[in-house]
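Protein chains: 2
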Amino acid sequence: MESKKFILQEQDIPKAWYNIMADMPVKPRPLLSPATKKPLSAEDLFPLFSKEVSRQEFNMTDPFIEIPEPVRDLYRIYRPTPLVRARGLEKALGTRAHIYFKNESVSPVGSHKLNSAIPQAFYAKEEGVTNLTTETGAGQWGAALSMAANHFGLNLAVYMVKVSYNQKPYRRSIMETYGAEVVASPSMSTKAGRAIITNHPNYQGSLGTAISEAVELAMSTPNCKYALGSVMNHVCLHQTVIGLEAEKQMEMAGEYPDIVIGCFGGGSNFSGITFPFMRHNIAGKANSRFIAAEPQSCPKLTRGVMQYDFGDEAGYTPLIPMYTLGHNFTPANIHAGGLRYHGAGAIVSALSEQGMLEAMDIPQNETFAAAHIFARAEGIIPAPESSHAIAAAIREARRANEEGTAPVILFNLSGHGLIDMAAYDQYHAGDLVDYAIPQQEIDDNIAQLPKLI
Amino acid sequence: MESKKFILQEQDIPKAWYNIMADMPVKPRPLLSPATKKPLSAEDLFPLFSKEVSRQEFNMTDPFIEIPEPVRDLYRIYRPTPLVRARGLEKALGTRAHIYFKNESVSPVGSHKLNSAIPQAFYAKEEGVTNLTTETGAGQWGAALSMAANHFGLNLAVYMVKVSYNQKPYRRSIMETYGAEVVASPSMSTKAGRAIITNHPNYQGSLGTAISEAVELAMSTPNCKYALGSVMNHVCLHQTVIGLEAEKQMEMAGEYPDIVIGCFGGGSNFSGITFPFMRHNIAGKANSRFIAAEPQSCPKLTRGVMQYDFGDEAGYTPLIPMYTLGHNFTPANIHAGGLRYHGAGAIVSALSEQGMLEAMDIPQNETFAAAHIFARAEGIIPAPESSHAIAAAIREARRANEEGTAPVILFNLSGHGLIDMAAYDQYHAGDLVDYAIPQQEIDDNIAQLPKLI
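Just so you know, the protein sequences line up as chains P and Y, in that order.
Quick note on numbering: the first sequence equals residues -13 to 439 in this note's numbering.
Quick note on numbering: the second sequence equals residues -13 to 439 in this note's numbering.
Any given hint could turn out to be false.
One copy or two, it doesn't matter: identical chains are merged, so the pair holds either way.
Below are the BS3-like pairs computed for lysine-lysine, each with C-alpha atoms no more than 25 Å apart in a straight line [what the hints assert, rightly or not]:
| hint | residue 1 | residue 2 |
| --- | --- | --- |
| 1 | K111 | K77 |
| 2 | K271 | K111 |
| 3 | K(-10) | K111 |
| 4 | K271 | K23 |
| 5 | K234 | K111 |
| 6 | K37 | K24 |
| 7 | K234 | K13 |
| 8 | K234 | K(-10) |
| 9 | K(-9) | K24 |
| 10 | K13 | K24 |
| 11 | K177 | K271 |
| 12 | K37 | K111 |
| 13 | K77 | K(-9) |
| 14 | K177 | K23 |
| 15 | K77 | K13 |
| 16 | K271 | K437 |
| 17 | K13 | K177 |
| 18 | K1 | K271 |
| 19 | K1 | K(-9) |
Please keep in mind that the hints were generated in silico from the structure rather than gathered at the bench.
This one's a predicted model, so the numbers in the text were calculated from it and none came from an experiment.
Work the whole structure out from these sequences, hints included.
Structural data, given as structure tokens:
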């Protein structure tokens, strides 16, 4: 494990986020109103989101958007994060590939989610908002927003997917320690929740349902906004601090990545690590490959369709142009709770449609096998979500071995797995299940979507 | 939370550990043989520990001992660690004191314990050892040694205090992920364990008992050594990387600490943060105060006696000159499992006897209240152990407020609490208990000790 770390100084924390929409020759399709099917504007989102993130959502012109100083100030708690040349992993794989990972697990909540939680809470506070609502799957986003909301003095209600609420009590407790109110979703506190509980009393929840509940509460509470941890364009924007730092660090290492990999749920960490490198592809200055590593059990990019769909289960959100499995798709209870989402954000979906990226769907057991190799080779126990990126990197390194090549591979370690050890226990016991979705189930869900593309 | 971080580069990782024994005008008393009551030499420890750490244990002459390059190489995974000016905490307390903390929680196992686990595993490997044994309380040391043993290709058996084995399954699982074998202590696998189980079938274990089991297994297994995570002189030596880095970082901040604080179990992180600063006191160049923050329920420095005592429950170890509550003392089941140890290491005990440091015993609820203030002010959820240091820092800041002074306070954040959230839940529910030990119980235990001082 002679792994080498590349360390930046505080002044190297990016001063602006990278907005890939400005550089895309073909822009993402617009969000549509569910009622009129007409394109929405930033103003249409003001009731739901803070004004500034609503504007960012629609900004197709500015390639860089300044990071406010109070946001950079809070980033300093954990940024810049290290880039590591994973020589231990290379050795374990016997590969000539050079493997690097960006380590976002060093944040105080253990994942990359603070990168967007901080600006979202900041803008809300600036605009006089007093209350926020959000959803969380495994609890990574909820923990991050709890920390940020507490810092800016905002109240926060978090709808946590029920299966995670019961399986991951530590993450609930982390949110409560930061002062947030945590509710298991589906709950009786919203119409959307009551409807589901009435029809499916034992339903264990999904991100789609939790989003419906959080949106409904925000819309019915005075001076309250909703904050989302992935999918939306502004979230992808905020996450680009990951790739912008990594770009400088790869320069320090004297290399440029041939392959850039992120795990894929709604797109937040994937966008963060890839977009800053993708801009050099768009400009014709580089020819890297970009790989979205998604769970076999929730394969929106590999097996979904490009269509307008809701971001949530109840249909409260705008219609988003996305690769989707259908907003009623119920993902299996895999341990990578942060990847259990039916669709991909608008930007990633457009880039995928345009052939700018590849997707790979990976069985659960393969991701834990990869996590084990990584933990023993690099000393860091990865989150189940991040393990998808590791598994993809290992696939690529092994393929390179077979082909006799030596690519430079960069992946994002989006979080550590110290609060997910129950999943590791199941893996050790041989009790983890792989879930391959029957095509009929996907087809049935997709058949219910409006045909707008 | 405009907290400021001071970041070092990889080349700033110390090249040598600081050996305070070389500078102490009055040396610690020697270890004694239990059989002959005669002073021991390094060679006497060779059957138990690796030769190099045995030599370090008795080194009274070299103020600096070189860190082997493979050890520094592994330190690079997480070192140098940040020093943070805790402006958020200062603001929350309304204090003019300047408060700094050294953040050892950024290591991949979440605590400072790797600082000694890595060299101990390295030396064992260098000397041809194939198997290690150790004990662990809350699991921090066991996790660290598991990671290091795995890296150097050593087998490892960890005796984990039973109450923690049952309460903290995540830490057990972390050790297993790194490939270690974990046994709940007391166990049937050793004479020491069987004796206790026979007499006290429901005994929930203690560090003293787990040490007995680990020592017994090491002594009865070919090519096997024992590794200890605290107390011993060589462990304190290895931990000085904390304070040596902090010294450079305080220089970057343009300040020098008036008060240096560490939580106190056996002395490892306390020694690490304080000894490099204490050497300037010894040299007459500074006049800092040093505070050991121990649990009210295990107050060896504040209420124990200076006497020769065993390091373990069964009496397998050498006799150590220590402030002790008696090796049969059974600490209450507080959540700061790493501080549940009956004695203080020989160096710290000597320094305490010589008036070089102060001790403070703190009730459990006060430590969690401090942890809450810190988590909300600085964004990091601290380990229950580290929360003792935070509580002591808050006491000092509040006293400074009353006295109208503005001291520079430095404490060590030895670990994060993300795997201890069950303890936070109990605190939120108002269910945490303070344990004040009746003086009679301490007196009874101490009365059983040989009178060698």
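Within, between, both or neither, where K(-10) and K111 count as close if Cα-Cα is 25 Å or less: Close across copies (22 Å), not inside one copy (40 Å); limit 25 Å.
Copy assignment of K271 with K437, given that the CA separation must stay at most 25 Å: Result: close neither inside a copy nor across copies, 37 Å intra and 79 Å inter.
Intra- versus inter-subunit Cα pairing at 25 Å for K177 with K23: Only inside one copy: K177 and K23 sit 24 Å apart there, 76 Å across copies, limit 25 Å.
Intra- versus inter-copy proximity for K271 and K177 (alpha-carbon distance at most 25 Å): For K177 and K271, the Cα distance exceeds 25 Å both inside one copy (51 Å) and across copies (69 Å).
Alpha-carbon proximity between K13 and K177, which holds within one copy, between copies, both or neither at 25 Å: Classified as neither; 36 Å inside a copy, 72 Å across copies.
Alpha-carbon proximity between K234 and K13, which holds within one copy, between copies, both or neither at 25 Å: neither (27 Å within a copy, 50 Å between copies)
Identical-chain pair category, K77 with K13, by Cα at 25 Å: neither (42 Å within a copy, 46 Å between copies)
Alpha-carbon proximity between K1 and K(-9), which holds within one copy, between copies, both or neither at 25 Å: both (23 Å within a copy, 17 Å between copies)
Copy assignment of K(-9) with K24, given that the CA separation must stay at most 25 Å: neither (49 Å within a copy, 48 Å between copies)
Same-copy or cross-copy closeness of K13 to K24 [CA-CA at most 25 Å]: For K13 and K24, only the intra-copy Cα distance (17 Å) is at most 25 Å; the inter-copy one is 82 Å.
Identical-chain pair category, K234 with K(-10), by Cα at 25 Å: both (15 Å within a copy, 22 Å between copies)
Alpha-carbon proximity between K37 and K24, which holds within one copy, between copies, both or neither at 25 Å: within (20 Å within a copy, 77 Å between copies)
Going through the hint list in order, the structure does not satisfy hints 2, 4, 5, 7, 9, 11, 15, 16 and 17.
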